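Novice: Letter by letter, the chains look like this.
Number of protein chains: 2
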Amino acid sequence: MSEKIKKYVLPDSKVPTQWYNIQADMVNKPLPFLHPATKQPLKAEDLFPIFCEECSKQELNQTDAWIDIPEPVRERYKNWRCTPLVRAYGLEKALDTPAHIYFKNESVSPVGSHKLNSAMAQVYYCKEQGITNITTETGAGQWGTALSYACSQFGIDAAVYMVKISYEQKPYRRSMMHVFGAQVTPSPSMSTRAGKDILTADPSNNGSLGTAISEAIELATQTKNCRYTLGSVLNHVSLHQTVIGLEAEKQMEMTGEYPDKVIACFGGGSNFGGIAFPFMRHNILEGKNTEFIAAEPSSCPKLTRGKFEYDFGDETGYTPLLPMYTLGHNFQPASIHAGGLRYHGAGVILSQLLKDGYLKGVDIDQTESFKAGVLFAKSEGIIPAPESCHAIAATIHEALKCKAEGKQQVLLFNLSGHGLIDLASYDRYLSNDLQDYVPSNAELEKYLAQVEPLQP
Amino acid sequence: MSEKIKKYVLPDSKVPTQWYNIQADMVNKPLPFLHPATKQPLKAEDLFPIFCEECSKQELNQTDAWIDIPEPVRERYKNWRCTPLVRAYGLEKALDTPAHIYFKNESVSPVGSHKLNSAMAQVYYCKEQGITNITTETGAGQWGTALSYACSQFGIDAAVYMVKISYEQKPYRRSMMHVFGAQVTPSPSMSTRAGKDILTADPSNNGSLGTAISEAIELATQTKNCRYTLGSVLNHVSLHQTVIGLEAEKQMEMTGEYPDKVIACFGGGSNFGGIAFPFMRHNILEGKNTEFIAAEPSSCPKLTRGKFEYDFGDETGYTPLLPMYTLGHNFQPASIHAGGLRYHGAGVILSQLLKDGYLKGVDIDQTESFKAGVLFAKSEGIIPAPESCHAIAATIHEALKCKAEGKQQVLLFNLSGHGLIDLASYDRYLSNDLQDYVPSNAELEKYLAQVEPLQP
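Protein chains in written order, with my numbering: chain A, 1 to 456; chain B, 1 to 456.
Quick caveat, the hints were computed from the structure, so don't treat them as lab data.
Bear in mind the structure is a predicted one, so any value in this text is a computation, not a measurement.
Careful: at least some of the hints might be erroneous.
No copy is singled out in the list; a pair is fine if it fits within one copy or between any two copies.
Straight-line C-alpha distance at most 20 Å; calculated DMTMM-like pairs for lysine to aspartate or glutamate [unchecked claim]: (1) Lys-250 - Glu-286; (2) Lys-43 - Glu-59; (3) Lys-14 - Asp-68; (4) Lys-7 - Glu-71.
All chains should be built: construct the whole structure from the sequences, respecting the hints.
Specialist: This is the structure:
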């Protein structure tokens, strides 16, 4: 029997009991959120009407590096955590690369992605506060599914606004949410003022995360005992996702190796931050020089071509002003299949870290991402989510660089989810029916011109 | 932190290195297969034109209780094995039952079901023999997906005949096979004589596993260097699936409990035999009295209403005559959504064991199965395959019996696969658009009358 070890899983005794809050260790702290009307820095209390209190506090917590995972959340994490760290021998062989490729397999969660890590936490905190109804948005549907399941676990009613293009492309995601008992509405919808305004101006609007967020916030703030939850971008979401990287750190110890490069796809930043922050801590505190690579779609290039400015998190302007890399909150991304990456801005923490040089963004074309996904499926068996395909494409790029340069680097990427609900996209790719779309500079400038000039 | 342990996973050192061949321990050995023309008992060599040699030998091996799992197969098993044994606390709570419910989660395999356990083995043996092309049939699509992935792993071309009703109901299953590079044809098709004959007689024929098997065997026997593979029914398939029960046995030891009842759904018997045989061994050899419950659809009730006779395994009559519980090889099951359970006969080993009283069959209505699936999804997070829903329904029945009688029994069921590719069925269930179908006695007699009277 070969001695090759394929999977590394932590014993229960080593599963993390705290999340890691990188804000506490950052050299340059994130700039404050600003109130949209007064332009004054926000306090946690200002967020209470939108988010539950505990998440609001976590959002602005710049002092505590470690935050306890509540016992009922840890209890539910047991359903799927610790997720496996897998050595991708099959992919290495297919690429004939000297690189050692590892991936953290978040696709084994009940709902098929990392999103459940934060959904369980947010719904738990809402429940503790006596909240009875939760609204949210979903792009690819991964977050909406996770939130729906978490709500069914804690006995809370869920209303999900799903980006219309995804609602149409991914009927099975809708079905999953229905199985878990949630109400699902395609966005933009006529059920909110925000949705009506957009549909009036553009009846064939495909929707965007920004729009769906506006609708969900509007419903939450106008409903009794209801709060809004978000699946990415915000600090408390990345915080909950650090359970990925904290596990991976201990699992990498089991391999006897340490990653030279940590790679994840990038929409708002939650799965990227989740796997990256625990490793990045060692760059910040101990001067390690691990490289962090965020793979975004070339059609929505906020990291490589966006501007670092104060901008809204949503289309309509209900959110606070956030200091972030943005393409403009009105940016309309192309109808690519990686719905979870079609967001105009990068999370506040990650934006600051990008500005300070702790990570870099790379742009991946849609067709390249699916090509990478098919190779991964054939070599490792798992059909990856279109979002995760971007991380795989970036990893393949690095692995081939290792081959060209004869370097045996250790690459770690996050497989944020599987693509079993996205097979229609694969069908289109296999039928040569997918296009790449890269916005022109003029187009990007048009949207950025609409951002109020408020230099951070 | 609560001391409740949710998941049990074996360390690599305890993962089984052999399969268990229950034929060696059976008190009454299975009766011989008969040659369809001569009606004489078959030798392994007689099967060589259809199956690879090693599988043919395993099929008729009644002497070796333990058979080594080849190293390349064990290497690939590592991708997903050991699968978790999970304590279904959520389901127990939802049912308010004193029963302890465990399930073996085979849905975590790369292709989403237990089928890969045998696909890897069969394709490996074919490869070793120098076979270059493999044909097979698939009902629900689970087996076809597994076979396609295994073929992509070993560099073999796969041609899959997919039961037409499933081909139409489950386009994503098709897509998965395409991603893995297989050729997929809806059955009955015009590409074989068997298919043509059926379509000529009944142009709107929905297909059945029996028909798809005929087509796949016909193609295999008429193609150079090609063999046929089957995903259930046969003895060597159940043999490979015993890795499930062998793991589960050791995992149950970790819990400190032993199952009073072992439950699985039943199509041809592969997932049932897989989890049951290692436990049943103790009934046979040590007089333990664990109860074994096979959950079949009430629309295809071979265990409870079939006859124990010599019958063909396929529609056209290409296979040997098999001594089994059958509804008749021309039986046309209703178009229920659990495509994997729409087979007319029970595997030969299981038929003999049923005759000898080692297991019992229970009939589950389609709507009851989905009701059970939705409850399981809400309480445990995993949306089960329609086939697995039958096992869950039977488990719920037993758990409620425990509640009524105040008994704290230990129930173990096999979650053979997830239902993420079957969400259209859930949609129909949630829209009250599903019906139950139970064949009349007259209908059953009509099909059984066509079986040649050759009493075993």
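Novice: Against each hint, give a clear statement of whether it holds in the structure.
Specialist: Hint by hint, here is what the structure shows:
no. : hint              : verdict
1   : Lys-250 - Glu-286 : within (17 Å within a copy, 44 Å between copies)
2   : Lys-43 - Glu-59   : within (10 Å within a copy, 71 Å between copies)
3   : Lys-14 - Asp-68   : within (15 Å within a copy, 34 Å between copies)
4   : Lys-7 - Glu-71    : between (27 Å within a copy, 17 Å between copies)
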